[in-house]
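Peer 1: Each chain, written out:
Number of protein chains: 2
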Amino acid sequence: MFNERFYGLGSTRSVIRELFEYGKKRKAEIGEDKVFDFSLGNPSIEPPKSVNKSIIDLVSNVSPTSLHGYTSAQGDVGVRETIARSINERFSVGINKDLIYMTCGAAASLTISLGALINSGEKVLALAPYFPEYKVFSETAGAKFEVVKPLDDMTIDFDDLSSKIDKSVKAIIVNSPNNPSGVVYSKEIIEKLCDILRAKSKELGTRIFIICDEPYREITYGEEVPYLMNYYDDTVVCYSYSKSLSLPGERIGYIAINPKMQDSEKLYLAVCGAGRAYGYVCAPSLFQFVAKENVSQKALVAEYKENRDVLCDALSKLGYEFAKPDGAFYLFVKSPSGDGEEFSKRALKHELLIVAGTGFGVKTHARISYCVSKQQILNSIPAFTALMDEYKA
Amino acid sequence: MFNERFYGLGSTRSVIRELFEYGKKRKAEIGEDKVFDFSLGNPSIEPPKSVNKSIIDLVSNVSPTSLHGYTSAQGDVGVRETIARSINERFSVGINKDLIYMTCGAAASLTISLGALINSGEKVLALAPYFPEYKVFSETAGAKFEVVKPLDDMTIDFDDLSSKIDKSVKAIIVNSPNNPSGVVYSKEIIEKLCDILRAKSKELGTRIFIICDEPYREITYGEEVPYLMNYYDDTVVCYSYSKSLSLPGERIGYIAINPKMQDSEKLYLAVCGAGRAYGYVCAPSLFQFVAKENVSQKALVAEYKENRDVLCDALSKLGYEFAKPDGAFYLFVKSPSGDGEEFSKRALKHELLIVAGTGFGVKTHARISYCVSKQQILNSIPAFTALMDEYKA
Numbered sequence: 001m002f003n004e005r006f007y008g009l010g011s012t013r014s015v016i017r018e019l020f021e022y023g024k025k026r027k028a029e030i031g032e033d034k035v036f037d038f039s040l041g042n043p044s045i046e047p048p049k050s051v052n053k054s055i056i057d058l059v060s061n062v063s064p065t066s067l068h069g070y071t072s073a074q075g076d077v078g079v080r081e082t083i084a085r086s087i088n089e090r091f092s093v094g095i096n097k098d099l100i101y102m103t104c105g106a107a108a109s110l111t112i113s114l115g116a117l118i119n120s121g122e123k124v125l126a127l128a129p130y131f132p133e134y135k136v137f138s139e140t141a142g143a144k145f146e147v148v149k150p151l152d153d154m155t156i157d158f159d160d161l162s163s164k165i166d167k168s169v170k171a172i173i174v175n176s177p178n179n180p181s182g183v184v185y186s187k188e189i190i191e192k193l194c195d196i197l198r199a200k201s202k203e204l205g206t207r208i209f210i211i212c213d214e215p216y217r218e219i220t221y222g223e224e225v226p227y228l229m230n231y232y233d234d235t236v237v238c239y240s241y242s243k244s245l246s247l248p249g250e251r252i253g254y255i256a257i258n259p260k261m262q263d264s265e266k267l268y269l270a271v272c273g274a275g276r277a278y279g280y281v282c283a284p285s286l287f288q289f290v291a292k293e294n295v296s297q298k299a300l301v302a303e304y305k306e307n308r309d310v311l312c313d314a315l316s317k318l319g320y321e322f323a324k325p326d327g328a329f330y331l332f333v334k335s336p337s338g339d340g341e342e343f344s345k346r347a348l349k350h351e352l353l354i355v356a357g358t359g360f361g362v363k364t365h366a367r368i369s370y371c372v373s374k375q376q377i378l379n380s381i382p383a384f385t386a387l388m389d390e391y392k393a
Numbered sequence: 394m395f396n397e398r399f400y401g402l403g404s405t406r407s408v409i410r411e412l413f414e415y416g417k418k419r420k421a422e423i424g425e426d427k428v429f430d431f432s433l434g435n436p437s438i439e440p441p442k443s444v445n446k447s448i449i450d451l452v453s454n455v456s457p458t459s460l461h462g463y464t465s466a467q468g469d470v471g472v473r474e475t476i477a478r479s480i481n482e483r484f485s486v487g488i489n490k491d492l493i494y495m496t497c498g499a500a501a502s503l504t505i506s507l508g509a510l511i512n513s514g515e516k517v518l519a520l521a522p523y524f525p526e527y528k529v530f531s532e533t534a535g536a537k538f539e540v541v542k543p544l545d546d547m548t549i550d551f552d553d554l555s556s557k558i559d560k561s562v563k564a565i566i567v568n569s570p571n572n573p574s575g576v577v578y579s580k581e582i583i584e585k586l587c588d589i590l591r592a593k594s595k596e597l598g599t600r601i602f603i604i605c606d607e608p609y610r611e612i613t614y615g616e617e618v619p620y621l622m623n624y625y626d627d628t629v630v631c632y633s634y635s636k637s638l639s640l641p642g643e644r645i646g647y648i649a650i651n652p653k654m655q656d657s658e659k660l661y662l663a664v665c666g667a668g669r670a671y672g673y674v675c676a677p678s679l680f681q682f683v684a685k686e687n688v689s690q691k692a693l694v695a696e697y698k699e700n701r702d703v704l705c706d707a708l709s710k711l712g713y714e715f716a717k718p719d720g721a722f723y724l725f726v727k728s729p730s731g732d733g734e735e736f737s738k739r740a741l742k743h744e745l746l747i748v749a750g751t752g753f754g755v756k757t758h759a760r761i762s763y764c765v766s767k768q769q770i771l772n773s774i775p776a777f778t779a780l781m782d783e784y785k786a
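Protein sequence lines correspond, in order, to chains A and B.
Everything in the first sequence is counted per my numbering, starting at 1 for the first residue and increasing by one.
Everything in the second sequence is counted per my numbering, starting at 394 for the first residue and increasing by one.
Just so you know, not all the hints are guaranteed correct.
For the chain B half of the interface with chain A, some residues (derived, Cβ under 7 Å), not all of them [claimed, not checked]:
#, residue
1, V486
2, L662
3, A663
Rather than coming from a laboratory, the hints here were simulated on the basis of the structure.
Note that the structure is a prediction, hence the values are computed from the model and not measured.
For glycine and all other residues, C-beta sits at the position ideal for the given N, C-alpha and C.
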């Protein structure tokens, strides 16, 4: 009776959201501090003080009809100019406002970019481990979705990648710093990836686009994150302020198309069309202006770094195995039993909410989101200890 | 190379948006006050003072990580409870929070509802005159789109409606107060509509859903607007705060499913799935809470009423023909030549931006949005006079 695909998606929900909702219930039952919720990437760090200051300034000083009115569908001109300038200052790519499209956050950036790029039946590749909704968004665009395996250190298995590129491949999603592993792809890895894509598309007579999903660009612990536009012409960057400004609920981000891309302005039009067809009239106006005012703000990563260090030290001592994350706020831990689902389920008995790796394309692991209070991490160590003791018993 | 449908939609743009963008350019060329922009439904009335007060209160008093954090995908529980209560107080329908889904505004409400209801190839009916994007949103859902003609007074031609209902019809979009005509469907019209739908679905052995698009519910000048859930079980209400709270850029609204609908909870799950698949993670969080705080605010319609009266009086005296609007802030005027496109083009030479009726499904008319300053209306009268003089010459 109702749409089957959407009924299915609504009934199953994302594993992450499912666990998050369970956590909310469980906290109500046994108390907030008794549940160690590591499920969701909901930043625990407050936005920079300048964010709330901007909101109050804008509300106090700008005419409400223009502050809360429709902007152009692609976003306010001044906002897009400021963002283009900021990108150029940092990465020297020569982009202008006419290749920036403001969105309702990263998920909208991705659905719209995929919609604009894909014709039904073409293929999208994701590099495991990958954010599970990539599959959902790709299928909304009518794409086939295929996953490239990782190496043990969660970087790219280039042999597997090469074997999976055929004529139908239209796009590959690159996410670095990575959710769920926290891995940052080095300059060398990015160069090798781009060389392979260029060689393959030449060999096959196709074009393969990189969709660079980078909400975690600013959440790094020292590693440089290469800007893909400088390595590969056919690059679309999907950005969100959710993590850098700790505003995940406000849904504000953008799509930036590489000015070096042939037909970049045509892709931009397709982006405008996809946004329109999916019902995105414009990105939320107040937060467009907030993003503009805070374009130079640095994310406050010191707390995340401390969380990472505390968590990595403790889990490492307990015998858990993982690649130490260089960015984002996730730790991707190998299940002591080799089965991530079993690991996640067993953890629940200790009130530890960690997400099985299956949905991320790696069945052997589980994800711990450490964008939580340091106190929660410290409080959870006995539970992680008891959990490991069960495996050793 | 890129997605053909979306490239097409991005290249042509909506006629309304096109004219709006032209107006912005033209104002820069010859001066803001020289261009009479009646193109867009961008409310000219400021939001109630309580709106900006709520924003400042929330930002000052609520923890920023919860104020700006993810809510549940369907919206914050407290927000949905408040909205359900408000609907019940006004319309006694017995809805609860589990049938309310917060959205990024009316366009999102529509794309998500259509997505949830439609299986590819089913048909959506719209009652002309209709908001042009209905076609775009219906086609995104994979629907065929068909238009029912209006009577001369812009109400429903029931004979035409009956003749167009076949087995493939899954939904009909009802928009009252109407954009672009300002017509409010009376209780008698709604009852007749519902009787026909019930009889036809019984005869054909199908279910036909009403999607009630009502961003203008609160913008009325005395007429009662029947609440569809009380007349027809298979009703989905798509609401937006854009017009009632003058917040069109902030993208905040909701979907409400009739609790009397059989399988209402299944449709709700399909709604959740469609929202997820289109990349709507949650409705903007700050404005969810702003909507909650302002759920009892009345729209400030006195200015619109004055605009309507001034405009109707002046245009009527000049010899323009139209049905006097009982709601919304649009006047749908018959072209003196009988050709709406020609009317809109000729008006442009007088710096009058009015939208041809073609896209609304009525080729003989054009739409005037009077959600502008009264001064603009007064200033535009000489231009409307000169325009009519041309037709009389």
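Peer 1: Which of the stated hints cannot be reconciled with the structure, identified by number in ascending sequence?
Peer 2: 1
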